[in-house]
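Participant: Now for the letters of each chain:
There are 2 protein chains.
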Amino acid sequence: MITGKNYIGNQTSAQGDKTFKTFNPLLNIENQWELTEATVAEVEAASNLATEAYKTYSKTSGAQKATFLRAIAEEIEALGDELLEVYQSESGLPNGRAKGERGRTLGQLRAFADYVEAGEWVEASIDTAQPEREPIPKVDLRKMNIALGPVVVFGASNFPLAFSTAGGDTAAALAAGCPVIVKSHPMHAATGEMVAGAVIKAAEKTGMPNGVFSNLNSSGIEVGQQLVLNPNVKAVGFTGSIRGGRALYDLAAQREEPIPVFAEMGSINPVVMLPNALNNRAEDLAKTYAGSITLGTGQFCTNPGLILGVKSEGLGRFVQTLAEEIVKVEPSCMLHPNIAGAYESNKANALAQNGIEVLASYASDVKPNHARQVVTTVEGETFLNNPTLHHEVFGPFSLVVQCENEAQLETVISKLEGQLTGTIISDANEISNHPKVVSALQNRVGRIIFNGVPTGVEVCPSMQHGGPYPATTDSRFTAVGVNSIKRFVRPFSFQSWPNELLPDELKNENPLGIVRTINGVATKQTL
Amino acid sequence: MITGKNYIGNQTSAQGDKTFKTFNPLLNIENQWELTEATVAEVEAASNLATEAYKTYSKTSGAQKATFLRAIAEEIEALGDELLEVYQSESGLPNGRAKGERGRTLGQLRAFADYVEAGEWVEASIDTAQPEREPIPKVDLRKMNIALGPVVVFGASNFPLAFSTAGGDTAAALAAGCPVIVKSHPMHAATGEMVAGAVIKAAEKTGMPNGVFSNLNSSGIEVGQQLVLNPNVKAVGFTGSIRGGRALYDLAAQREEPIPVFAEMGSINPVVMLPNALNNRAEDLAKTYAGSITLGTGQFCTNPGLILGVKSEGLGRFVQTLAEEIVKVEPSCMLHPNIAGAYESNKANALAQNGIEVLASYASDVKPNHARQVVTTVEGETFLNNPTLHHEVFGPFSLVVQCENEAQLETVISKLEGQLTGTIISDANEISNHPKVVSALQNRVGRIIFNGVPTGVEVCPSMQHGGPYPATTDSRFTAVGVNSIKRFVRPFSFQSWPNELLPDELKNENPLGIVRTINGVATKQTL
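Line by line, the protein sequences are chains A and B. Be aware that the first sequence starts at 1404, since it is given in this note's numbering, and climbs by one per residue. Be aware that the second sequence starts at 1404, since it is given in this note's numbering, and climbs by one per residue.
What the hints contain is simulated information worked out from the structure, not anything from laboratory work. Since this is a predicted model, take the numbers as computed values, not measurements. Incorrect hints may appear among the rest.
A pair holds if it fits inside one copy or across any two, identical chains being indistinguishable in the list.
Mimicking DSSO-like on lysine-lysine, the simulated pairs with C-alpha atoms at most 27 angstroms apart in a straight line are [as the list claims (entries may be wrong)]:
#1 Lys-1927 to Lys-1604
#2 Lys-1541 to Lys-1502
#3 Lys-1421 to Lys-1458
#4 Lys-1541 to Lys-1889
#5 Lys-1541 to Lys-1910
#6 Lys-1889 to Lys-1927
#7 Lys-1927 to Lys-1541
#8 Lys-1910 to Lys-1458
#9 Lys-1818 to Lys-1927
#10 Lys-1889 to Lys-1910
#11 Lys-1818 to Lys-1458
#12 Lys-1770 to Lys-1502
#13 Lys-1462 to Lys-1889
#14 Lys-1927 to Lys-1462
#15 Lys-1839 to Lys-1714
#16 Lys-1608 to Lys-1502
#17 Lys-1770 to Lys-1424
#18 Lys-1458 to Lys-1608
#19 Lys-1839 to Lys-1818
#20 Lys-1604 to Lys-1458
#21 Lys-1818 to Lys-1421
#22 Lys-1839 to Lys-1458
This is chain A alone, in the form it adopts within the complex (with noise of 0.2 angstroms):
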């Protein structure tokens, strides 16, 4: 069933000569697929076509957009338990985790469908004529999102389903009406082409333009290059490393047209326990955080790297618990020998900085590919001199700062890089004793978590996964939810123009029967 194959809209294309093939990193063996590197040629093809199909698929109604993103989730339902081995072959993760993300990623493209089926996420306004008015007349004036032309995403190693082929940022884009070329994750390009296998279907049985949907293999960095120079490309959705996502952004501010790169990249998602929680309850946090830590072998954006607090007794035991907590998990698989690798070597560098002293590791020998986890400490002046140790260490990891007083608390967070999450541990009532913590806390972060693990992104209107940079590339935007459709859409305002042409979201008549603004007013009244 697997071929190996791109997909150049709706036809399979192996033109190149280069192949590769995938990792299953539990067994510690080549899977056997073939993956086919996609070719210059086919890299232009699959452009042109989404180009033309984007002429049609933009303008196509959110009730067909709904049914056609209802009809991915249900071919890739479709694909059974295949799909499940398939993904757990190339990224050693397990079951359970399979088919939560498989249910995640069902669900994201449902309610992207109910969404645009709804139909008020265009944020139609409509500002009438008033032809009297002195000194000049008022024209009729009416606005909404468009599409903004065909959207590269780049597949996510840590997210086959929820955030490669048919995830968040291809749902966004499609329900935007924005053709996708999925630049598919090496580390896992057969799961890959099952995924697009079932986009593909989807559009043919429920007639969308050929060259909505593309999937392109690729090993190396040149396929990516090429799709975000090409010019027919109009904005690109990544998630990955801060270099690889960097790297994106300033190729595509290089171009004659520059366009919006939304790349959501690298956290070390601080965790700040105020004095009284570790007083009373350093051991339960520290049991939470342990697992926190190691959830998913440290392999999430949200993963807790940094935990800071002031020296006192309670954090005294709070790191000797998490030392004692830590090494009880068992390691588990990580995604390929590429990133355990990673892990190892980015371990071996925060390990060797000077000052960090190291709470507990779990010494035993594993299987390969398996992450020993690891927690760190180090005082805070250290901390703040030391940009190594700001750094993501992707995996089970995470530095403890102990700083020496509040007031280098707040300095050591206002000296942080943006971040996605930030966390507060505190005791009822304490929180509101520290405005500065939570403050400076609140400036680098784009989601602030009460008594809770920044692991587990809740996908729902209300989430903003997204934050200052390095966390993204725009704070502005999220990466998770409904609202991250507005990536991918530019307002359009139609001037005096004729009632029957407009597109149904600003006829008079409101025949979508939605909420408008008119006239600043929010009503869902016809004119």
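Let chain A serve as the given structure and place chain B on it in line with the hints.
Facilitator: Chain B alone, transformed into the frame defined by chain A:
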């Protein structure tokens, strides 16, 4: 009253030793005021104050920000006729325009005041917790827009009031909760100082933090570069040339932390004349367009620099009448000798292109700095093959492209660079016979106009003033109307946050009585 000093927050400052003067283009003499350029230390000081002010100003309530914005409007009004006189002496623009632009500026400030006072601009969204949900409980998430950080605003040469010191960008940023540092436009720096003084007075009267607003003078590009590269600065608003906007965009993209630059740049605002319309009212159209081309000496970003049609007897009559009408217009004064000089050289460059034919050119002697209007024509094929003809000639200049047939017209449109506006001139029902032409135009512009002129940008919620590059650096935003606030905000989520510590917009009790999205449904309900 005009001191020539910078405003570093509430303090005037003139540490530098470089000064410059503005110019009265109508009288063709230098103005009396001596402006002192900001120094590197002053740039630093302004940016540090802005960052400090951000801590409190970003949390200022909508009602307080509204009071501030309205006070700015009052203080500008209180400057009375003197402001208009200085404005005119630095721009050569007539008194009616000065008054009109002041009215627009006041209107913008008050519109933003109403908008943030109403409070719904934060797009509050609440997803309530489901502690019993299986397999994992759902947390409480609440999201709203918050201010991005200090914003640098570059004054625009062609709008000394409405798109400069306290113009649209400044009003939007202040409304969002962002402190503003204005890089005053050197052509109207005295006007800028007067308005800056009004803003500072308003800030003091309404108790805004010192540093919420600064105003820096400079005749060169260094101060602007320093500001864009300053780590305290989190976003940039610019209105001007493609070269200037792109240079700022490139600088900002090269920062360690890239920041969004919203630059509204060049546009030639294509006008497509359909055959029946030309046949039936060529003469009327020519008269209307002779007016639009020369309005404000062609110094509007929506000036119709390109008129497109298919060769016909009607197009012939249009071209002939346009030639007759355009020379009847009395030449008017440009903003500055440099702008008049650039107009002459850009015009000369356009006229030197192969295949271009002058239809009519104002030939008589004109006063210094006055612009002689020109209309020209060219074959479709020639236009397609010469990118120079696609460039804006800022001033009273327009090019009529005569296409062989409708297919060529469609090609010409689809090959255009991004534009602020596109206009279709059509007889009743004629437009429905040209869907491809309309669709091609829609893909290239931010606002499409039926039977009108592109000049005249209504300030209202449904206005989209923006478009694909190079009309702007990010087509996902508008530079005009209350939605332009979105350039300067980012969504922020609170997870499981204590109700009493939430901003009012997200509290259970909904103390502001605003519409919020609760579990996906828009409502004013409390929780």
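Participant: Out of the numbered hints, which ones does the structure contradict?
Facilitator: Those not satisfied are hints 1, 3, 9, 21.
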